[in-house]
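Sequences and hints are given; from them, build the entire structure.
Chains H and V supply the protein sequences, listed in that same order.
Just so we're aligned, residue 52 is where the first sequence starts under the numbering used here, counting upward by one.
Just so we're aligned, residue 67 is where the second sequence starts under the numbering used here, counting upward by one.
Simulated from the structure, these hints should not be mistaken for laboratory data.
Careful, some of the hints might be misleading.
To be verified - Facing chain V, a subset of chain H residues (Cβ under 8 Å, in silico):
1) Arg-61
2) Asn-63
3) Val-81
4) Glu-283
Stated by the list, open to error - Now the stretches of chain V that chain H is said to cover, found in silico as 3 or more residues with beta-carbon under 8 Å:
5) 84-92
6) 107-121
7) 167-177
8) 213-225
For every residue, glycine included, the Cβ atom is placed at its ideal position computed from N, Cα and C.
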Amino acid sequence: MPESIDALQRANPRAEVGFAETIDAVGAEVRLRIAVAGARDEPRVGQVRPRRRILGLSAAGLALAAAVVAVFVTFDSSSVTPGVENAAAAIKQAATLTAASAEQSGTVDVRITHGGQPWASKVIRWNGNDVEINDLGRKPSSGSPLLVVNGLLYGHDPQHEGWVQLGPVSNIDPGSGTTPTEQLDAIREDVGGTTLQRMVAGMSANGLTTKNQSDGSTVYSGTVAAGQIARETGFKEGQTIRVFPFGYVAQGAAANAASRLDTAVTVAAAGVIRRLAVSWGTWTYTVIYSSLGSTPRIVAPAHATSLLKERMRAVHER
Amino acid sequence: MSEDRSQRFDALFTAYGPDIVAYCGWRASSPTDAQDAAADVFLTAWRRIDSVPEGEAARVWLYATARRVLANQRRSRRRHVALQERLAAEPPVAASEAPDSEAALVHEALLRLGARDREVLLLAEWEGLTPAQIGTVVGCLAVTARGRLHRARRRFRAVFQDLGSEGRASRDRPLLAKEGPEHA
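Given below as structure tokens:
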């Protein structure tokens with residue numbers, strides 16, 4: 052066989068580090084999708100559901116989905132101890148419950164620290180199709196809230212210190228992937244969709260330790276390959292960009308897909324994930340979930356200025 | 067869920083899961099997309115388990131399904147990347163270390179091939195499909211697939227050898243010459 056073809060065969064991705072783990076993660080993801088699909092109405096033959104289907108899980112189907120997941124996670128677990136197997140099943144079930152709980156409404160508080168100091172933070176609340184994103188940033192001036200209520204986008208006007216109604220979200224870069232609606236879809240995916248499932252599958256595949264807390268919660272600790280958490284989203288200036296859930300670019304070791312990151316998932320007594328914490332070097336990335344299913348309705352600002360009306364008035368005054 | 071159906075699906079995933087994960091890995095735009103596509107392929111298999119053929123034909127059926135899933139994914143990918151770039155607020159950091167030279171050479175040679183050449187070549191060399199199976203996956207006659215594969219191998223060898231020569235020439239060059247003349 053020529054040297055070139057021989058070299059080509061040696062470069063087969065099956066030989067790459069982490070390939071077995073990827074298969075495990077896909078297996079877990081498939082089983083979750085099947086569980087969710089099975090808990091819903093029978094799909095049309097040939098229909099491939101969109102990736103955010105997890106959030107469409109109905110309350111009635113939740114128990115069934117959780118049960119199916121509990122059955123499926125015992126698959127291919129011959130190499131782990133019964134205790135670890137149970138922990139893996141429990142954390143995967145918690146991820147499914149969290150996704151279902153987050154379907155209607157929820158709040159997440161995302162924080163990044165570097166060397167113990169705040170680096171960035173963001174609070175996101177959603178209820179139905181309405182969302183509030185409060186990016187607190189690193190500087191006080193960068194805190195610019197964004198609201199979507201009843202299909203209308205509201206932003207903060209730094210000049211008048213008031214709210215501006217920027218118009219229907221459907222008019223904003225339609226189809227570009229950057230509309231608030233599409234951002235909300237991505238946020239929901241990060242809360243309970245494929246990202247969370249991938250993290251949990253990665254943790255389960257590499258051994259879990261559990262610690263019961265006095266408040267009834269359980270902390271599951273393990274390591275996850277950075278590539279399972281921070282998605283590769285493209286290249287910029289010749290470098291790979293990896294982005295954590297909720298839109299923060301991975302820094303340091305987290306930018307290397309193969310790096311093992313310390314991960315801890317706190318599951319509340321009710322069985323829903325309350326906190327995710329990922330740490331590497333001097334960095335920590337934390338997501339705190341709250342009010343899943345009980346976040347209040349997002350209310351439109353009472354005295355928002357309409358950007359459209361302002362522009363119309365400016366035209367008339369000319 | 068029927069136990070038979072579940073057992074058949076488990077057997078399918080055990081037998082061919084690594085193949086489809088690997089295939090999606092080199093065809094998708096990113097590792098995340100690859101995992102998503104592979105999961106979609108098996109979800110489709112689950113839904114159509116009664117029409118998935120038996121034996122080796124099931125493997126080819128999965129590859130063909132994966133090809134369609136990836137094509138659909140590619141259509142929507144631009145939109146998704148635009149969103150992620152907007153959400154990404156921080157500057158990127160340095161990429162991971164360079165791959166070893168032979169793997170880098172192979173990947174560079176593959177990148178220099180046309181997409182069609184690359185696809186048939188890797189279906190044969192990485193996935194181990196026969197020309198007839200490749201024809202089923204990509205939707206052409208076996209004889210056409212055989213011809214494409216022959217040409218793809220020939221082109222790959224040529225590009226690989228060219229790159230190898232370039233690399234050797236570069237390595238053989240004196241360090242100073244590589245870095246440019248010394249300051250006067």
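For the stretch 84-92 of chain V, does the count of residues with a C-beta closer than 8 Å to a C-beta of chain H reach 3?
Contact hint for the stretch 84-92 of chain V vs chain H: holds, 5 residues under 8 Å.
May I ask you to test the interface hint for Asn-63 of chain H with respect to chain V, counting a Cβ-Cβ separation under 8 Å as satisfied?
5 Å, holds
If you take the shortest Cβ to Cβ gap from Arg-61 of chain H to chain V, is it below 8 Å?
Cβ of Arg-61 of chain H sits 7 Å from chain V, so the hint holds.
Okay, the stretch 213-225 of chain V and chain H, do three or more residues pass the C-beta test at under 8 Å?
It holds, with 3 qualifying residues against the three required.
Hey, does the Glu-283 of chain H contact hint survive, CB to chain V under 8 Å?
Cβ of Glu-283 of chain H sits 4 Å from chain V, so the hint holds.
Verdict on chain H covering the stretch 107-121 of chain V, where coverage means 3 or more residues with a C-beta closer than 8 Å
holds (count 6)
Less than 8 Å between beta-carbons is the criterion; does Val-81 of chain H satisfy it with respect to chain V?
4 Å, holds
Quick one: see if chain H covers the stretch 167-177 of chain V, three-plus residues with Cβ-Cβ under 8 Å.
holds (count 7)
In this structure, none of the earlier numbered hints is contradicted; all agree with it.
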